[in-house]
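My request is simple: use the sequences and hints to build the entire structure.
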Amino acid sequence: MSGYKKFAVVGAGNIGGFITRQLLEEKSAGNINEVVVLTRQDSKATIEGGAKVIPVDYNDHQSMKNALVGVDVAICTIAIPALKVQEGIVRAAKDAGVKLFVPSEFGGTTEGETEGFFGEKASIQDQLRDLNLPYAVFYTGSFSDYIWTSYLDLDVTSGHVSVGGKGDKQLPYTSRLDIARYISYVLTHLPSEQLKIALSE
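Residue numbers (the numbering used here): 1 to 201.
It cannot be assumed that every hint is accurate.
What the hints assert, rightly or not - When the alpha-carbon atoms are kept at most 35 Å apart in a straight line, the in silico DSBU-like pairs for lysine-lysine are as follows: (1) K27 with K84; (2) K27 with K65; (3) K6 with K44.
By construction, these hints were calculated from the structure, which means they are not laboratory data.
Right, dumping it as structure tokens:
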């Protein structure tokens, strides 16, 4: 077991809701003690189960720090349009004493990227190393349960899908439920030392 007992999910939409539900199952099983969800103050998201919802101002350092005090693991699930606020969330997590930070990666590999939103995500890893804040990254590929139905011509009945290009490149896809199951299991069952990316000296 990881020894982590209090988890905060930053952002309740999209992947955040799936992760929250899986963490609540870990709580029901007695593997963790508490799950909190940090949402925007104007968020309309609803959380089922025993998660404590804390409305915060993502741009207010003290608001974020206060919400993260006592948290062992902070899982950031903010969407791409809001990535700019993640830098402040990381600083607040460090100041609050969070033991492990999971940045909002959930997608393609960003390591070494410098441009666009991949570059923004990669810069957060640089910040985490600079702050000496232990972190774990999950590269999952696109959300299969979302992209296949929203953006690609998937006909489940006939078993056919239409995609652009030649079809000769591999692209990883993972459903949000599988991502959430994997993340909640790994973060609660693996020893904490196996979860942390090596930090700069």
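Hints versus structure:
Taken as a hint, the K27 and K84 pair is honoured in the structure, with Cα atoms around 31 Å apart against an allowance of 35 Å. For the hint linking K27 to K65, the alpha-carbon distance of about 23 Å falls within 35 Å, and the restraint holds. About 24 Å separates the Cα atoms of K6 and K44, which keeps this hinted pair within 35 Å; it holds.
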